[in-house]
Structures are given as structure tokens and as C-alpha cells.
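J.: Sequence:
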Amino acid sequence: MSELSGERLAELRQAFASIDVSGDGFISQEEFLKHFPGLPAEALGSLEQTADADGDGRISFEEFVRLLG
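Numbered by the UniProt record's numbering, the letters in the sequence shown go through residues 1 to 69 in order.
To be clear, the hints were calculated from the coordinates, so they are not data collected in a lab.
Remember, it's a predicted structure, so these values are computed and weren't measured experimentally.
Here a beta-carbon is modelled for each residue, glycine too, at the ideal position from N, C-alpha and C.
One or more of the hints may lead you astray.
[Claimed, not checked] 25 Å max Cα-Cα, derived SDA-like pairs, lysine to any residue:
1) Lys34 <-> Asp24
2) Lys34 <-> Asp52
3) Lys34 <-> Ala15
[Unchecked claim] Quick list of the computed label-pair ranges, beta carbon to beta carbon:
4) Ala17 <-> Asp56: 17 to 23 Å
5) Gly55 <-> Ser5: 27 to 33 Å
6) Gly55 <-> Gly6: 16 to 22 Å
7) Gly45 <-> Val65: 26 to 32 Å
8) Leu68 <-> Glu30: 18 to 24 Å
9) Ser18 <-> Gly45: 28 to 34 Å
10) Lys34 <-> Glu3: 18 to 24 Å
11) Lys34 <-> Leu68: 17 to 23 Å
12) Glu3 <-> Ala41: 22 to 28 Å
13) Gly23 <-> Leu67: 25 to 31 Å
14) Gly6 <-> Leu39: 17 to 23 Å
15) Ser5 <-> Leu44: 17 to 23 Å
16) Glu3 <-> Glu42: 29 to 35 Å
17) Ala10 <-> Glu42: 15 to 21 Å
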């Protein structure tokens with residue numbers, strides 16, 4: 001994350017917070033589906049496989065940054 005500018009990191013934090021409606025610091029499948037209601041199940045599965053580095057079924061801010069940063 002250190003390679004990102006402060007502005008980009010702030011944008012990513014804002015985007016993450018808008019999806020993480022529970023405020024627990026993780027994006028769950030349910031939160032993704034609420035934020036992107038038309039997202040096909042295959043796309044969600046592919047996203048999780050790519051982004052969920054630790055395999056816990058949710059995406060942390062660090063994983064989110066790795067994916068979109």
C-alpha cells in the first residue's frame with residue numbers, strides 16, 4: 001500500500017467504507033450484492049477468488065487495495 005498516493009488511498013478508503021455498510025472492516029458477500037445488485041454469482045465467485053487472499057470469505061481493506069490499488 002505504500003506505493004499509493006495519499007489521494008488514491010483516501011479514494012479507496014471512501015469506496016471501501018461505502019460498501020462495508022456494517023462498518024466491521026470487511027466486505028462480505030451480502031454487502032457486495034447489496035452494493036452491486038446485478039452482479040452475477042459467477043462474477044462474485046471470481047472476485048472472491050481473486051481478492052480474498054486469506055480465504056476467510058470476506059474482503060479486508062488490505063485485500064481491497066491489492067485488488068483495486
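J.: If a hint holds in the structure, say so; if it does not, say that too.
T.: Taking the hints in turn, this is what the structure says about them:
1. Lys34 <-> Asp24: holds (16 Å)
2. Lys34 <-> Asp52: holds (18 Å)
3. Lys34 <-> Ala15: Holds: Lys34 and Ala15 sit about 14 Å apart, inside 25 Å.
4. Ala17 <-> Asp56: 17 to 23 Å: holds (19 Å)
5. Gly55 <-> Ser5: 27 to 33 Å: holds (30 Å)
6. Gly55 <-> Gly6: 16 to 22 Å: Check failed, 30 Å falls outside 16 to 22 Å.
7. Gly45 <-> Val65: 26 to 32 Å: Since Gly45 and Val65 have Cβ atoms about 21 Å apart, the given range 26 to 32 Å is violated.
8. Leu68 <-> Glu30: 18 to 24 Å: holds (20 Å)
9. Ser18 <-> Gly45: 28 to 34 Å: violated (22 Å)
10. Lys34 <-> Glu3: 18 to 24 Å: violated (31 Å)
11. Lys34 <-> Leu68: 17 to 23 Å: Given about 18 Å between the Cβ atoms, the range holds.
12. Glu3 <-> Ala41: 22 to 28 Å: violated (33 Å)
13. Gly23 <-> Leu67: 25 to 31 Å: violated (20 Å)
14. Gly6 <-> Leu39: 17 to 23 Å: violated (30 Å)
15. Ser5 <-> Leu44: 17 to 23 Å: At 29 Å between Cβs, range violated.
16. Glu3 <-> Glu42: 29 to 35 Å: Taking Cβ atoms as reference, Glu3 and Glu42 lie about 31 Å apart, which means the hint holds.
17. Ala10 <-> Glu42: 15 to 21 Å: violated (32 Å)
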